[in-house]
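Asker: For the working numbering, count along the sequence shown from 1 and bump the result up by 164.
Treat the hints with caution; some may be incorrect.
Simulated restraints on C-beta separations [claimed, not checked]:
id, residue 1, residue 2, range
1, 377, 600, 33 to 43 angstroms
2, 580, 377, 30 to 40 angstroms
3, 379, 339, 35 to 45 angstroms
4, 423, 571, 28 to 38 angstroms
5, 377, 326, 22 to 32 angstroms
6, 425, 594, 17 to 27 angstroms
7, 488, 571, 27 to 37 angstroms
Here are the simulated DSS-like cross-link-like pairs (lysine-lysine), alpha carbons at most 25 angstroms apart as the crow flies [unchecked claim]:
id, residue 1, residue 2
8, 598, 536
9, 585, 550
10, 550, 567
11, 536, 567
12, 598, 567
For the record, the hints were derived by calculation from the structure and aren't laboratory data. We put the beta carbon where it would ideally sit given N, CA and C, even for glycine.
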Amino acid sequence: MGSLFGTDGIRGVAGEPPLDPNDVYRIGYCLTRYLAAASARPQLVIGRDTRVSGAWIEALLRRAIADAGGVPEMCGVVSTPAVSYITRRTSADAGIMISASHNPYQDNGIKIFSSEGIKFNDAVEAELEQAIQSCPLGAPNGDAAALREARFEPAQSPEYLDLYGAFLRSCLPAGFRLDGLRLAVDCAHGSLSYFAPAFLESLGAAVHPLHCRPDGCNINRDAGALHLSRLQEEVRTRHADLGVAFDGDADRAMFVDAAGHIHDGDDVLYLLARYGDFEGAPPVVVGTVMANLGLEVALERLGISLIRTAVGDRYVLEEMLRAGAVIGGEQSGHIIITRFARTGDGLLTALKVLEILARERDSLEDLSSPVKRFPQVLLNVRVREKVPFEDIEGLREMETACKESLGTRSRILLRYSGTEKLARVMVEGEDEHKVRLAASRLASFFENR
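Produce the complete structure using the sequences and hints provided.
Answerer: Rendered as structure tokens:
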């Protein structure tokens, strides 16, 4: 089966290892047996996004959990942060989210949360991985046929959605309203398609929903947080005050201001740090190695430090807890505010941004203007295998030469994707021409080898 856990759970093509029927069954069974060491009848909540494969994966997990002596609770179509919250709120032993986040519908994944609503650490994942890979069991006869008969089922649980909605309202000031505000909301045909527009309307906003008609095969297709051109067009055409875009499982949010300009997680981190409340916590923000140098400079002017971690919200959270930070997140739009949650939550992020805009009586464009972006280029290069960078002859010499040409106020980041066979090349500096040239040289280095 190879390595199971990536930076965001177990992910792959639905129906193929490690997400074929036998492996899905083993994952559910072994997770339940692991939890049974501390609880006689482990309770597990399960949610999923809108992929056509979600229903049969859910059915196999439910069967495996019951066979292992656990009690599965179905949440239906919900967001990843909703599963995290529901797990914590109901005192379940674990939570499972069936989603491949921003990936196309052919992919799927299994994200596992502890009873605290956070992802397991590396040690626990390694223990689970060993148990799963050595498990002799497989999907019961006949269950595998569900794969061939998979169809889209948008089932939801009003009880759990109400619970999550009440939580979101509790994160806002008493009586907070969005009356008179015009919003364009892109749900990527994903988890929030049936929830976010109505929830925002309940707060008084006039909402234009976009990409909110999932059919099982259109999640993230030219939509959502990674494809913002349509949202930009809708914001300008409809004279909206703000555009918000979620990804398939809604653990991230991206924004478009009234002028059609895109604002990412770096802008949100600045807003939260500048206009939020550290509540006695250290004046630090936790970001990743992808955070733009412009954010770091803008925070320094406020007397706030930026701590960088590896890419992945789990690493951001680990560093936040270690440093006592209350604000952290990623440029991609995953934002964690530990006062309220222990995972990225796109809708909660949108609500806190709207709260700041309302309180300051100003636009997103103006409030985030102190963040002056350094030119940054990110290129993805497909690779056959993820060879350690230190083992690639000539790579470090090429990197050093590029760094010298860029100058001192620059960064080069080389890393592999945690979920795909991609080498990611990120170059940042003051001179855009030199940045693009260095990124192109490094990408070509990988391609030629």
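Asker: Using the beta carbons of residue 377 and residue 326, state whether their distance is inside 22 to 32 angstroms or not.
Answerer: Holds, since residue 377 and residue 326 (Cβ atoms, about 23 angstroms apart) stay within the stated range.
Asker: Is 27 to 37 angstroms respected by the C-beta to C-beta distance linking residue 488 and residue 571?
Answerer: Between residue 488 and residue 571, where Cβ atoms are some 34 angstroms apart, the hint holds.
Asker: Assess, step by step, whether the Cα of residue 598 is no farther than 25 angstroms from the Cα of residue 536, and give holds or violated.
Answerer: 18 angstroms, holds
Asker: May I ask you to test the hint 17 to 27 angstroms on the CB atoms belonging to residue 425 and residue 594?
Answerer: 21 angstroms, holds
Asker: CA of residue 550 to CA of residue 567, is that 25 angstroms or under?
Answerer: 23 angstroms, holds
Asker: CB of residue 379 to CB of residue 339, is that within 35 to 45 angstroms?
Answerer: 38 angstroms, holds
Asker: With respect to the beta-carbon atoms only, verify the hint that residue 377 and residue 600 lie 33 to 43 angstroms apart.
Answerer: 38 angstroms, holds
Asker: Please check whether residue 580 and residue 377 have a Cβ separation lying inside 30 to 40 angstroms.
Answerer: Hint holds: Cβ distance 35 angstroms, inside 30 to 40 angstroms.
Asker: Starting from residue 598, check that the Cα of residue 567 is at most 25 angstroms away, please.
Answerer: This hinted pair holds, its Cα atoms lying about 10 angstroms apart.
Asker: Just to be sure I understand the hint, the distance between the Cβ atoms of residue 423 and residue 571 should be within 28 to 38 angstroms; is that true here?
Answerer: 32 angstroms, holds
Asker: Hint check: residue 585 vs residue 550, CA-CA at most 25 angstroms. Holds or violated?
Answerer: 7 angstroms, holds
Asker: Does residue 567 lie within 25 angstroms of residue 536 when you go C-alpha to C-alpha?
Answerer: With a Cα-Cα distance of about 21 angstroms, the restraint between residue 536 and residue 567 holds, given a limit of 25 angstroms.
The structure is consistent with each of the numbered hints, conforming to all of them.
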